[in-house]
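Student: Guided by the hints, dock chain G onto chain Y, whose structure is given.
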Amino acid sequence: MTDENKNEDNVQDERTPNEIAAETQGMLETEEGREVKPSPEYTPGEAEEIEGDDRAAEVTRGILEKTEELSESEPAQAFDNAVETVMETLEEGSETRMPSLHHHYTDEVAIPIIGTVTLPGGVYTAVFIALGVFTLLEVLTAELFATSGIKIVLLMGMAVAKAFLVIWFYMHLNRDARSNPLLYVVLLLPLTVTLLSILYLLGVPSFGGLGYGAV
Amino acid sequence: MANIALSADGHGHSAAEVAHKNNNQKLAMWLYLASEIVIFSIMIVGYAIWRLNEPIAVSNIHKTLGVGLVTINTFLLLSSSWAMVMGLRAIEMGNRRQFMQWIGATALLGAIFVGGQWVEYRELSHLNLTLQRSDLTLQDEIFESSFEIVPLDEGYEVTMLNQQIINDLDLSYDTTRFLETTVLNEEEYAEFEAAITAEVVQATSNFGMRFYAPTAFHGAHVVIGVLLALHVLYLGSKGFYDENPIGVELFGLYWHFVDVVWILLFTLIYLV
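If you read the protein sequences in the order shown, they are chains Y and G. As numbered in the working numbering, residues -1 to 213 make up the first sequence, in order. As numbered in the working numbering, residues 177 to 448 make up the second sequence, in order.
None of these hints come from the bench; they were simulated from the model. In this text, a Cβ means the ideal position worked out from N, Cα and C, and glycines have one as well. Please note that a few of the clues may not be correct.
[Said to hold, decoys possible] Computed footprint of chain Y on chain G, listed as stretches where at least three residues anywhere in the stretch have a Cβ under 8 Å from a Cβ of chain Y:
id: 1; segment: 196 to 207
id: 2; segment: 238 to 251
id: 3; segment: 256 to 263
id: 4; segment: 275 to 286
id: 5; segment: 425 to 438
Excised from the complex, chain G in its bound form:
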């Protein structure tokens, strides 16, 4: 005879109840991401407005920086997003081993991205593009890649390592002398130092904050994302997501959002 099953499942929670709860959690995650949209929008718009006003400065920075490293980094983050979604697919298909592999790849790619960003920031600092510093002297570390300065009894011996930095300087004496190692007296050196530091302070104050704010803020999100991925990996290994993989999907929402932000930052800051 026909059997009537009155209960939806044996666990006490009906599938409809769990699905309803999942939907609420997803909505909560989206609301959190909406607050992130506001924060990132402010920084992106701040950069975009400055970019409109400073086309020549930006073009110079692009030429010096190149797009090689940042393109590799972009591919890393895109791949990590793909790994993330493949991990979700694996756990939803009930394959925990594959899920662990994909989420592990997500964490690894995210970590390499952060490493790439660290390398890039170091390069930028060698190009004297840092956050604003008001008390610069030519003996500072950030000029190491640009000049070699040896104090003499009277004046300084200056050797240019990066010719480009003095191209636009407005000095009372002939700057072509810098093509070779030059000895400057105290007065000339003071003028030279003031001009260089003013230039650098100007460049960093304009570019630094607008560049570092969105990229560093994004980098911090990636770091947190990598930690979350490791947490998801740990819970996953305990079988936490076997019945209901909503936790993986929520982390995925966060990770993909970070990816979307990078897609926009990459184009706006490095390419446009």
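Next comes chain Y alone, as it looks inside the complex:
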């Protein structure tokens, strides 16, 4: 039974208005699937719009005038405020649940060890500075020290740190992977396969033979 039919049935209904309201004014469903309480709208000045001198019109006018009077009363105002507060709370809730298309930006950056710094461009600029410093350190390390295992590990370590900074902050893995952890798989699966392949490749004996250690 639809709401419209219900209202038509109400014409012959013998229940009190409160009883009808209690039954028909259940929870309404919004488009997002939430349920809200209906708020009975009342437009001031409706009484003046009723025309005619017969008894029916007089009674209707009387009811409307009384309603208008009551809507100004303290309990009615209190009810209004209560409904408004509920609606505001619901809206706030829906805003946080709704993923926002725009991100909040601030020029303040919390840097480990140094503390909170204010930079134009915020974390993006801080990352850029870090990338520049790492690059200078890399070039200095490469130029000043003779080739050794430690130097290679140091250089590759700095390169990986730079790559991580770009992926984490510039490619927004820090916030996107939280809502979609599949991104970790997409990134790490090819890298893992490659790493295992390198180890496999390095296991190939240099001088032929039948297998590992056959040199």
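Tutor: The following block gives chain G in isolation, referenced to the frame of chain Y:
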């Protein structure tokens, strides 16, 4: 009285719907980048394995090449990545003018990077480091910076412009004669040419493919990235990203990925 807004916005698409679509597009971009990871990994690993086996050759190449130009190029690309992300930040904060400036800077820095790479490739070609060529003769252009050869009636007059190239040559006659302009007879010249070209073919076949494959492939990505940046710039000027800047973010993912690849290539190929 309280007003109940039943629709999320006036455009017919709810913010949740758009965000969901955006997330799908981002995942698609990441999947594309995953395929790029595989391609670049193959070339990077190919270089790394060769690098392990040829420490002396690589050290010689590093000494001749230097790191000045490539360091400048690296800074250009890092700056372009920063400009890119600042552009995204500007459009997400609703500042279209600043967005245009930052993305314009991204395209410009990327283009200069490609120019730098072109200069570097030319330098390399003068050092006889190119892709393999099997039919080299000393009259070839790539030896121009190394020797000056004048054909005589009997034999050739050879002047060394780059002394280093003959240091490791295994010739039956004394190579110290090359310190001054030398006249070689036909037989000596043939031996000299064979030794030099064999050496160069060996060096280029070893280094050329392993060096050019990843760097040129990366360079091509930068070229495409610059074109994409110009496209983003054009769409941005029409207000295409004002409501939903996901297109900028997707291009950013591509551009930063190209930056990450360069960060690794720079260290692995030029520094290690």
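Student: According to a criterion of three or more residues whose C-beta lies within less than 8 Å of a C-beta of chain Y, is the segment 425 to 438 of chain G covered?
Tutor: holds (count 7)
Student: At a Cβ distance under 8 Å, does chain Y reach at least three residues of the segment 196 to 207 of chain G?
Tutor: It holds: at least three residues are needed, and the segment 196 to 207 of chain G offers 7 whose Cβ sits within less than 8 Å of chain Y.
Student: At a Cβ distance under 8 Å, does chain Y reach at least three residues of the segment 275 to 286 of chain G?
Tutor: It is violated, with 0 qualifying residues against the three required.
Student: With a cut-off of 8 Å between beta carbons, are at least three residues of the segment 238 to 251 of chain G near chain Y?
Tutor: holds (count 4)
Student: Given as covered by chain Y, does the segment 256 to 263 of chain G meet the bar of three residues or more with CB within less than 8 Å?
Tutor: holds (count 5)
In the structure shown, a violation is registered for the earlier hint numbered 4 alone.
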